[in-house]
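Engineer: The lines below spell out each chain.
4 protein chains.
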Amino acid sequence: MNSKIKTIILGASGYTGAELLRLLINHPHVEITGLSAERNAGQKLADVFPHLGIYHLPDLVHIDELNFMKCDLVFCALPHGTTQKVIAGLPKHVNVVDLSADFRLRDPQAYAEWYGHAHQALELQREAVYGLPEVARDAVKSARLVANPGCYPTASSLPLLPLLKHNIIERSGIIIDAKSGVSGAGRAAKQNLLYTEVTGGMSAYGVGNHRHSPEIEQNLSDAAGAQINVTFTPHLIPMARGILATIYARLLPGKTIADVRNALHAAYDKEPFVHILPEGKLPSTHHVAGSNHCHIAAAPGAGEGQVILVSVIDNLVKGASGQAIQNMNIMYGWDETLGINGAAVFP
Amino acid sequence: MNSKIKTIILGASGYTGAELLRLLINHPHVEITGLSAERNAGQKLADVFPHLGIYHLPDLVHIDELNFMKCDLVFCALPHGTTQKVIAGLPKHVNVVDLSADFRLRDPQAYAEWYGHAHQALELQREAVYGLPEVARDAVKSARLVANPGCYPTASSLPLLPLLKHNIIERSGIIIDAKSGVSGAGRAAKQNLLYTEVTGGMSAYGVGNHRHSPEIEQNLSDAAGAQINVTFTPHLIPMARGILATIYARLLPGKTIADVRNALHAAYDKEPFVHILPEGKLPSTHHVAGSNHCHIAAAPGAGEGQVILVSVIDNLVKGASGQAIQNMNIMYGWDETLGINGAAVFP
Amino acid sequence: MNSKIKTIILGASGYTGAELLRLLINHPHVEITGLSAERNAGQKLADVFPHLGIYHLPDLVHIDELNFMKCDLVFCALPHGTTQKVIAGLPKHVNVVDLSADFRLRDPQAYAEWYGHAHQALELQREAVYGLPEVARDAVKSARLVANPGCYPTASSLPLLPLLKHNIIERSGIIIDAKSGVSGAGRAAKQNLLYTEVTGGMSAYGVGNHRHSPEIEQNLSDAAGAQINVTFTPHLIPMARGILATIYARLLPGKTIADVRNALHAAYDKEPFVHILPEGKLPSTHHVAGSNHCHIAAAPGAGEGQVILVSVIDNLVKGASGQAIQNMNIMYGWDETLGINGAAVFP
Amino acid sequence: MNSKIKTIILGASGYTGAELLRLLINHPHVEITGLSAERNAGQKLADVFPHLGIYHLPDLVHIDELNFMKCDLVFCALPHGTTQKVIAGLPKHVNVVDLSADFRLRDPQAYAEWYGHAHQALELQREAVYGLPEVARDAVKSARLVANPGCYPTASSLPLLPLLKHNIIERSGIIIDAKSGVSGAGRAAKQNLLYTEVTGGMSAYGVGNHRHSPEIEQNLSDAAGAQINVTFTPHLIPMARGILATIYARLLPGKTIADVRNALHAAYDKEPFVHILPEGKLPSTHHVAGSNHCHIAAAPGAGEGQVILVSVIDNLVKGASGQAIQNMNIMYGWDETLGINGAAVFP
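Protein chains in written order, with this note's numbering: chain C, 53 to 399; chain W, 53 to 399; chain L, 53 to 399; chain A, 53 to 399.
Because the hints were derived from the structure by calculation, they are not lab data.
Computed from a predicted structure; not experimentally measured.
Some clues are possibly wrong.
A pair counts as met if it fits within one copy or between any two copies, since identical chains are not told apart.
[Said to hold, decoys possible] Below 30 angstroms or equal to it, Euclidean Cα-Cα: the simulated DSSO-like pairs (lysine-lysine) are:
1) K333 / K96
2) K122 / K333
3) K217 / K137
4) K322 / K96
5) K56 / K242
6) K333 / K242
7) K144 / K217
8) K307 / K122
9) K242 / K322
10) K56 / K307
11) K96 / K242
12) K322 / K137
13) K307 / K137
14) K322 / K56
15) K58 / K307
16) K137 / K122
17) K96 / K56
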């Protein structure tokens, strides 16, 4: 196949927008035909992202100025809550990969509870496919609207899903101690995200009630075939990119750490982007930064029957834009690694 | 009191040595009369720590060149394992605050197991007082040899001790997910601690079997009056200083998060260096960096009966040199905050 | 002297305000009686600076709510341009150390040119003493209003002043390549100062026309007895604190690098805060961070007659709040190092 | 062309080795057939670079174990001084791109002076082509041995070469104030490169006599047709990657800043990797990190006739491994941007 699909990115002035562009620039089947950015409309891309100015990409415009009739695919990198109406207004022939949280929760009530308002596009929500490729590849293939998973849910779900699905760990008492780089908080100017406030120290935030919990719990419950509740504690780490999730769970009676490793290997050894580390090795976000890879380690805890899982991803790649491209590749039947087969950038 | 005690620092070319000097330079009752540093013996202090060169401090010498007869107090900041023989050889009139791990574990078998060789000074080990001032102030007052607590054990024990002592949380299933800055690893040149290897990312290390576990478990068991085992997972964070411990525990039947907060307030409201944050606030290592303070928050977890504790200290101050000075102040009956009453350095 | 002066800080919610508080908390002659913060008025200090919340300090209020009649000294840490009217309205018995740029330039025309509006308090401007203690100690002693020097001008002037005063270097062609940490840009939320925008990279800014040039040139011209123009290029470095200035100058005929070193030693060897490094050593901002010290090195350049000077300070201490306290100490005839004699915080 | 050249990397366990692998993994015409690493011989690549372990690459071996007869191209990423003998021993049919400094200086006396020993392969030195593609593309095309330029010389030379060649700036008095990330110092464990020693501060090093000066001066002298001496001051910046060079020069009589900009545009507008920024914009290393691009800005200085040039590159890409691949592409007549056309990784 030599022709390219015409692709528009909505919300191109944020970090996930920039990361989509970085990864798509060399994608053989994609042509970027439009970029929107509300506050920065009218500017050149180089004005908001000088590192992308040397490529021949469209200027930033208001979403109203874009012609969706000539477009094949839209990546939606708009803020949570604003996306559902925009997508509802797109022509029906357009495929959509949505990087916001708007279509991730299947339960409208859960959505309303966590996001503070009723969902504006319930029919689309029912149509949307939650695009964690390693578990939903077939559904993504035939989807028109893919809800791209969040960064915390991706890092948290990948190690746990096979263990719940195959009844290796207990369904209750799962603790996810998650650590994120700062780019996960976006590009809006906020005092608590200033360099001076972040560098040289770290903090916990959102203990006990973080927005990402319901998405994680939905994923885990699907795998377990039963309602799963988790304790999820996010921390802000002085690094630009990366998520590391340290997960504490308990083995079911009769199960061992070998069962854990076997289940993880069985689930992921054929996956291009999920890698189970050898025994004794522990993952670092350094080893996935800039890449679409996820590294996972499993080790016994100190307590009887306890297992500790550690997973790492780049929040902007496998946790957002890279996974969005992986979903696009699946939707179009291309090699799933096209455009996202780069190695981590280290050091 | 106007006279000053003559004080020697052994191992002055490491980070805890430098931090002792920074804090002692303005201490009204301390005169630094000797500094040892094996590899750097013969050098001026300015050669290893240019920021301390402007003070009028002794040159670095071999330990053999020091005259301990004219010395009142020794701070021992030597590597683990090398300290016990040195301290055993000191004149008996000399008081000692030992920052190594050599005298922290009361059980000789546990020591041998974790450090790989039999303890060389068992009598001294029996004499040593484990100097966590908030729980052992009276014993420290009359001690000649204080074993200064480790950084991870200090950050982990302070939030848990009152809760175990007063039967508010369960004794089993405690999980400590700890995050440390890089200075905790010392000043020796190692590839994995290079700037390029650390900046921009993070990792877990020592999952399931870290050396600090037995010290933490000794502290917690003392408070509980029963053997306590914990799961302890340390992480390396790209910051120079600071430890943040996120601790997961379960309330005993009938206990509430209010009981947790009350116990913490009762234990620490009169303490000069331990502070319980108001409900809804979470601690940051930024707010204790460079200071001897510890901030603690308690919040309910998502699961029924779960409690999450978050504590922060500066590993080089309350986790090492500051706490050593606090112990010295107690030993000599001085105001406990002398020399260590500075605020955190932020930003 | 045992009594304390009643001291108010205007603009206490910014970084220089916080640094004043950190340093003054343990000052033996200062009592903090009032704190203003326009946007944060009504809040507790702990709400804007949690690390200072454990001290017993006043709440933040609007400036109108402060009683200046009972106040001895005001530190003004307000934004440039807003200060002159505020100070003009203070009772005449109040001493003032102003950390803004409002009273630094003697020439009203230069002020208007660089700050875009006519000066609002010309009489005060004439009265103000430019408080670089190493050159204006006597004038500061009898001053009521001290204009505290800027961070770049402090780092740039200290190495050059003795060399211009004693005719050792040429008056033209001086180049100052300056590098600053991010705290110099303040605490206001701006996108270009976000952690994600700053960490991992660096940039030049303001090439050829930076606001600090006229203040530097005023200082140098005073020393030289002739108009001096400099080339000043500031850079933003991914670090919270610190300024390093690399200065290129040419020796006058017959002068040598030894003359440079001698002049620097003659000027500063008795100064408590300015230190000339031994030959072959180069300064690092690490060695002054958190302290009021300035380190200076002088070395020959590669070209005939060229000299390279390198100086470092902490922009928030010797470049702002520490120097302000040094000026206060001089105004009141106290030991000049009171409250600011701490060593650098390293690592 | 569908076949691939068999390629060996010597010194694959260092940062430039890793960066070569990252960039070559997706290069369509390259097959990695051997990797050497002296200290790490016998290990898997994943043991020294976990992020590269997921690709199917050879294990690390001693150089003696490699079969160069079946090899088309060798990238030499060995330490300075050790390379010349190795290359002299290779079969003559093998093409070489050498990333060390061993073949960069044409003058054997200069080499001996700066590197402390006589050159061991003078004939090869005469054969070697200094591979700065923008000025030596034709020579590289027919070269068998390319001496890949250093990082500082690349960043320093690109802005200056057109200005010296076309007689726009003076030949004397050029000052290069250069700032480098830490990866430029390599991966060997050294105390001064520890995270704790580097983060949060910066320093100058090597004032007046840095090893990179003669390479820069050779480049500039070639362009000027006359001997050029420069003042070069390197600084160590707390960032993993990136070089920013701030260059001060004086216009020749009658020349203007417009002449500077025109010469730069004329030299580089057709170059794929060198970009002249629009007036008023200043470069940041953020915008080239991870990429093979170089951004250059030119601005008038404050002094009459002064010009300030600012250039940025990634020291590991355009300053090392990316440029090496660019040279390989030229040697083989391929599209010059193959494998190195990625955008910068930001944030």
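Engineer: Is it within a copy, between copies, both, or neither that the alpha carbon of K242 lies no farther than 30 angstroms from that of K322?
Structural biologist: Neither: 42 angstroms inside a copy, 36 angstroms across copies.
Engineer: Is it within, between, both or neither when you check K56 against K307 at 30 angstroms Cα-Cα?
Structural biologist: neither (49 angstroms within a copy, 48 angstroms between copies)
Engineer: Tell me, please, which holds for K307 and K137 at an alpha-carbon limit of 30 angstroms: within, between, both or neither?
Structural biologist: neither (47 angstroms within a copy, 46 angstroms between copies)
Engineer: Pop the pair K144 and K217 into one bin, within, between, both or neither, using alpha-carbon distances up to 30 angstroms.
Structural biologist: neither (35 angstroms within a copy, 59 angstroms between copies)
Engineer: At most 30 angstroms between alpha carbons: which applies to K322 and K137, within, between, both or neither?
Structural biologist: neither (38 angstroms within a copy, 44 angstroms between copies)
Engineer: How would you label the pair K96, K56 (within, between, both, or neither) given a Cα cut-off of 30 angstroms?
Structural biologist: within (23 angstroms within a copy, 39 angstroms between copies)
Engineer: Give the relationship of K58 and K307 under a CA distance limit of 30 angstroms: within one copy only, between copies only, both, or neither.
Structural biologist: Intra 50 angstroms, inter 48 angstroms, cutoff 30 angstroms: neither.
Engineer: Using 30 angstroms as the alpha carbon limit, work out where K56 and K242 are close: within a copy, between copies, both or neither.
Structural biologist: neither (39 angstroms within a copy, 38 angstroms between copies)
Engineer: Please work out whether the CA atoms of K307 and K122 approach to 30 angstroms or closer within one copy, between two copies, in both situations, or in neither?
Structural biologist: Classified as neither: same-chain Cα gap 55 angstroms, cross-chain 51 angstroms, threshold 30 angstroms.
Engineer: Are the CA atoms of K217 and K137 at most 30 angstroms apart within a copy, between copies, both, or neither?
Structural biologist: neither (35 angstroms within a copy, 55 angstroms between copies)
Engineer: Given a CA cutoff of 30 angstroms, do K322 and K96 count as a within-copy pair, a between-copy pair, both, or neither?
Structural biologist: between (42 angstroms within a copy, 21 angstroms between copies)
Engineer: Quick one: K322 to K56, C-alpha cut-off 30 angstroms, is that within a copy, between copies, both, or neither?
Structural biologist: Both: 28 angstroms inside a copy, 26 angstroms across copies.
When each numbered hint is compared with the structure, violations occur for hints 2, 3, 5, 7, 8, 9, 10, 12, 13 and 15.
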